[in-house]
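Asks: Whenever a hint applies, use it, and build me the whole structure from the sequences.
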Amino acid sequence: MRVPFMVSAAGPLLVAALTAAAPQVSRVVLDNGLRLLVVEDHRVPSFTAVMRIGSGGLHDPTGQAGLASLTAELLRRGAGKRSAREVAEVVEQVGGSTGTSVSWDSSDIYVDVLARDRRLALELLADQTLRPTLASEELTRLKQERLSEIVQRGNSAEQNAGQALARFVLGDHPLGSSLRGERATVTTIDDEAVRTYFKRHYVAKNAILAVAGDLDPELVKQEVLELFGSMSAGQLSPPAPEPNPVVRGGRVLLLDRPDLTQAKIAFGHIGINRGDPDYYAAQVTNYILGGGGFSSRLVQKVRVEQGLTYNIGSRFSAHTVAGLFTVTTATAVPQAQQAVMAALDEIDRFRRQGPSDRELKEAKAYLIGSFPRQLETHLDVATVLLRAERYGLGDDFIERYPSYIKAVGKSDVKRVLTTALAPDAFRFVVVGPREGLEEQLRPLGEIESTGYSDWWSRLAPTEPGLPAP
Amino acid sequence: MRLGHLFSLVLLLLGVGARAEPRIDVQRAQLANGMQLLVVEQHHLPLVSVQLWVHVGSKNERPGATGMVHLLEHMMFKGSRGYGPEEHVRQIQSRGGEANAFTTQDVTVFHEELAAEHLELALRLEGDRLQRLSLAQAAFSREREVVREERRLRVESQPFGQLIEQFFGVSYLAHPYRWPVVGWASDLGATDLETCRGFFKSFYAPNRTTLVVVGDTSLGKVRALATRYFGGWRRMPEQRPVVTVEPEQQGERRAQLRIRAELPMFLGGYRIPEYGHPDIPPLMVAARILSGGESSWLYQRLVYTEQVALFAAGDLLRTEHPGVFYTVAGVRPDKDPAVVEELFFAEVRRLQIEEVSERELAKAKNQLEAEYVAELSRMGSLGHKVGEAAVLGGDPELVNKELPRLRAVTAADVQRVARTYLRKDRRTLVHLQPLPDDVAADGKEP
Numbered sequence: 035m036r037v038p039f040m041v042s043a044a045g046p047l048l049v050a051a052l053t054a055a056a057p058q059v060s061r062v063v064l065d066n067g068l069r070l071l072v073v074e075d076h077r078v079p080s081f082t083a084v085m086r087i088g089s090g091g092l093h094d095p096t097g098q099a100g101l102a103s104l105t106a107e108l109l110r111r112g113a114g115k116r117s118a119r120e121v122a123e124v125v126e127q128v129g130g131s132t133g134t135s136v137s138w139d140s141s142d143i144y145v146d147v148l149a150r151d152r153r154l155a156l157e158l159l160a161d162q163t164l165r166p167t168l169a170s171e172e173l174t175r176l177k178q179e180r181l182s183e184i185v186q187r188g189n190s191a192e193q194n195a196g197q198a199l200a201r202f203v204l205g206d207h208p209l210g211s212s213l214r215g216e217r218a219t220v221t222t223i224d225d226e227a228v229r230t231y232f233k234r235h236y237v238a239k240n241a242i243l244a245v246a247g248d249l250d251p252e253l254v255k256q257e258v259l260e261l262f263g264s265m266s267a268g269q270l271s272p273p274a275p276e277p278n279p280v281v282r283g284g285r286v287l288l289l290d291r292p293d294l295t296q297a298k299i300a301f302g303h304i305g306i307n308r309g310d311p312d313y314y315a316a317q318v319t320n321y322i323l324g325g326g327g328f329s330s331r332l333v334q335k336v337r338v339e340q341g342l343t344y345n346i347g348s349r350f351s352a353h354t355v356a357g358l359f360t361v362t363t364a365t366a367v368p369q370a371q372q373a374v375m376a377a378l379d380e381i382d383r384f385r386r387q388g389p390s391d392r393e394l395k396e397a398k399a400y401l402i403g404s405f406p407r408q409l410e411t412h413l414d415v416a417t418v419l420l421r422a423e424r425y426g427l428g429d430d431f432i433e434r435y436p437s438y439i440k441a442v443g444k445s446d447v448k449r450v451l452t453t454a455l456a457p458d459a460f461r462f463v464v465v466g467p468r469e470g471l472e473e474q475l476r477p478l479g480e481i482e483s484t485g486y487s488d489w490w491s492r493l494a495p496t497e498p499g500l501p502a503p
Numbered sequence: 006m007r008l009g010h011l012f013s014l015v016l017l018l019l020g021v022g023a024r025a026e027p028r029i030d031v032q033r034a035q036l037a038n039g040m041q042l043l044v045v046e047q048h049h050l051p052l053v054s055v056q057l058w059v060h061v062g063s064k065n066e067r068p069g070a071t072g073m074v075h076l077l078e079h080m081m082f083k084g085s086r087g088y089g090p091e092e093h094v095r096q097i098q099s100r101g102g103e104a105n106a107f108t109t110q111d112v113t114v115f116h117e118e119l120a121a122e123h124l125e126l127a128l129r130l131e132g133d134r135l136q137r138l139s140l141a142q143a144a145f146s147r148e149r150e151v152v153r154e155e156r157r158l159r160v161e162s163q164p165f166g167q168l169i170e171q172f173f174g175v176s177y178l179a180h181p182y183r184w185p186v187v188g189w190a191s192d193l194g195a196t197d198l199e200t201c202r203g204f205f206k207s208f209y210a211p212n213r214t215t216l217v218v219v220g221d222t223s224l225g226k227v228r229a230l231a232t233r234y235f236g237g238w239r240r241m242p243e244q245r246p247v248v249t250v251e252p253e254q255q256g257e258r259r260a261q262l263r264i265r266a267e268l269p270m271f272l273g274g275y276r277i278p279e280y281g282h283p284d285i286p287p288l289m290v291a292a293r294i295l296s297g298g299e300s301s302w303l304y305q306r307l308v309y310t311e312q313v314a315l316f317a318a319g320d321l322l323r324t325e326h327p328g329v330f331y332t333v334a335g336v337r338p339d340k341d342p343a344v345v346e347e348l349f350f351a352e353v354r355r356l357q358i359e360e361v362s363e364r365e366l367a368k369a370k371n372q373l374e375a376e377y378v379a380e381l382s383r384m385g386s387l388g389h390k391v392g393e394a395a396v397l398g399g400d401p402e403l404v405n406k407e408l409p410r411l412r413a414v415t416a417a418d419v420q421r422v423a424r425t426y427l428r429k430d431r432r433t434l435v436h437l438q439p440l441p442d443d444v445a446a447d448g449k450e451p
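These protein sequence lines are chains B and P, in that order.
If you read the first sequence in my numbering, its first letter stands for residue 35, the second for the next number, and so on.
If you read the second sequence in my numbering, its first letter stands for residue 6, the second for the next number, and so on.
These are calculated hints, taken from the structure and not from any lab test.
Just so you know, not all the hints are guaranteed correct.
[Stated by the list, open to error] Taking lysine to any residue and the SDA-like style, the derived pairs with C-alpha atoms no more than 20 angstroms apart in a straight line are:
1. Lys177/B to Lys340/P
2. Lys444/B to Phe205/P
3. Lys340/P to Lys390/P
4. Lys340/P to Thr174/B
5. Lys406/P to Arg28/P
6. Lys340/P to Val185/B
7. Lys440/B to Lys390/P
8. Lys444/B to Pro311/B
9. Lys177/B to Glu311/P
10. Lys390/P to Arg28/P
11. Lys340/P to Asn189/B
12. Lys255/B to Ser266/B
13. Lys340/P to Ile184/B
14. Lys340/P to Arg187/B
15. Lys177/B to Glu226/B
16. Lys340/P to Lys255/B
Replies: Structure, rendered in structure tokens:
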């Protein structure tokens, strides 16, 4: 096997200016297409390896929401020569940990140990991502756990208001489902589905491996070559389908929970993608609107001035092919209308006024100034680099990030306010007692109303098992 | 074998060099008015974590005024003589920092994380509000509503929040830990500005406050700035301490909570000693063996093998006065909670009957040590550990005793503390029984 060639050697990071022992980063591509990021950082003698697969919940086939996350978790339930229990045991014995984290665009498997257990971590990670057992009885067990968890999820009414909004806005698109799956979809996921997902997405060309910590880069590169060189090349997974906004039905979804004293409110619409040229302008805009806590307009209006809520916030969640803009809050049932109207008024005012000089200056100062705090540990650095690699943001993303924010001007924020925000297109989900809420919500538009539990149980897939394009 | 390695890890982390003992070098000073200063220098990033620990928590409240200490913490963001409402957070955030606060049964902590060059700003802002808080009626009335919303959010809408509240109410008969930090709904509804002002005047005092700074600074610098911004703060007479001692529990206590929820759960807990007590480290090891990760006893037995629970976990609440060791289990919808309870406590009993194996013991200790080390690698969490040691334990050096004490724990110690504290007689158990939507709303059962 050929020695991998150096694609680039990104210099010291932004933090280099700040510390003598700053992490050093290098990037290598193996013959099979696996991208390797090495973060050398001797400040703390620990070691982390993260395999990021460039597919996540957006690649769940229609009717199989939860497949990406079940597949990732199943890797820990037996790999190589180790059973599920042995995998947990071997890593917990050395005080380390292993786990998975699945997002809409990627699936991460990580192993975190002390530096001297580096070899063990890499072997375990290679076993999990190249040679998982994918045993039938383990999948059954995992599905049972997941189904119980889905039942349990019903306890969190505010989380479910947000979840219901995604479905209400995006319909059958994967982003409209839960990353962890629904009762109906988890039930349909079988061995075949998991194996197919694994074969298709867990391939070198669709993967990035980040290793970070107290390590010798040359030695680690050799070990990675030895342990991951045989990962099948495969293909980069194609992008997931684009969403189409749902247009049918009412504008307000009221999920009846007669026992609640507080209405859980979520509203919003389709938002920008991660690759949108206005992504950074949208972050600045959102900080001013509802992302900046006490510095934001929504908190100022709805909490500080009117005392209507403990928390209100807005966000653009942006993924490869889809995004959502959402506002969430909770307020005592009798003041639900007042809270929603206060928020809508403020959004309207912001759209008319645009940002003040002070708001723009403070938002940019926060987004730039808080960035170094996201790089406190080597794992933090690896995480930011993985994100940059996944979204093609460039090797020098960490150095360039401040300039992206600095470049955002008043006109950019004004543009975002008109292009990425459209209050007329907002759809609303409210969880709470129908009796106290229906009249209050009528001014917002046509109301669809259903029992809280009924809404979730009728989410049966329309076309089960249909693979994603 | 493991220990030697972790030993060097801690040394490296803290940049202490070749010393005999791994140490967090906590430098101390005191202002003339009694305010304590604790500084841990770390120069690898140009950041600081600033924490002001005011020694007042919900246990200093009284019936009828529950929730007041937490509400006062909220009022600390509503402006002081030099700064308008919310200006504090705005000033910090607009320099890339974060500012927030939290209240527990024992303490109120205000904290900032920001670039080291802005340390002075953080202390100027804190100095102003701690000495010259506005406490205006209009802001108070609105903030009281905000806190009532917080209570609806965290407790009334969450089965787990209600379960915890019940648990403390039943577990403690006499000690003020029995009421929730956020306060009872009726007390929040009835409270007034005068009460709030009274708490501010009595408890916010330099002789009840500890300033912890971790990061790229020095004790000299912190002392100079603290003298400038807190030096004129007047020492207050000592307040009467909380004298109530929870009487010894003489038998199991059980309660039921019947509310709308998706699945049955139960919370079982045992009274344990206070923060700095020598039995705490073996209890931490016991908690780890029971519920630390997927190879732990509870997970293996209830979730993995028998598949009767969705989750089963436990941990210690380390408080200034005797606290609790609590365990919680989520029962699968199709399983009998009584059966799950039995299996659950069979695992706890195993700790009393069997001596844990060396391997099991080493695993638990390795996990705890790794966690300890991870906590030290962030300035914010390191500062938190130092603050807890100083305020809850009364001695910042306790932070350096934790690791040696953990390492010294033997299998016999684990068995001894399990037999002493995890007894059925000292147990409080609250079962959550879910009710269907309509029944829960009516508040009456057929």
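Asks: Next, verify each hint and record whether it holds.
Replies: Against the structure, the hints come out as follows:
1. Lys177/B to Lys340/P: Holds, at about 16 angstroms.
2. Lys444/B to Phe205/P: violated (43 angstroms)
3. Lys340/P to Lys390/P: violated (40 angstroms)
4. Lys340/P to Thr174/B: Holds. Lys340/P to Thr174/B sits at ~17 angstroms (cutoff 20 angstroms).
5. Lys406/P to Arg28/P: The hint holds at about 9 angstroms.
6. Lys340/P to Val185/B: With a Cα-Cα distance of about 14 angstroms, the restraint between Lys340/P and Val185/B holds, given a limit of 20 angstroms.
7. Lys440/B to Lys390/P: Not satisfied, since the Cα-Cα distance of roughly 37 angstroms exceeds 20 angstroms.
8. Lys444/B to Pro311/B: holds (15 angstroms)
9. Lys177/B to Glu311/P: Holds: Lys177/B and Glu311/P sit about 15 angstroms apart, inside 20 angstroms.
10. Lys390/P to Arg28/P: Holds, because 13 angstroms separates the two Cα atoms, which is no more than 20 angstroms.
11. Lys340/P to Asn189/B: Distance of about 18 angstroms is within 20 angstroms: holds.
12. Lys255/B to Ser266/B: At roughly 18 angstroms apart (the allowed maximum being 20 angstroms), Ser266/B and Lys255/B satisfy the hint.
13. Lys340/P to Ile184/B: The hint holds at about 16 angstroms.
14. Lys340/P to Arg187/B: holds (18 angstroms)
15. Lys177/B to Glu226/B: holds (14 angstroms)
16. Lys340/P to Lys255/B: violated (50 angstroms)
Consistency note: the structure conflicts with the earlier hints numbered 2, 3, 7 and 16.
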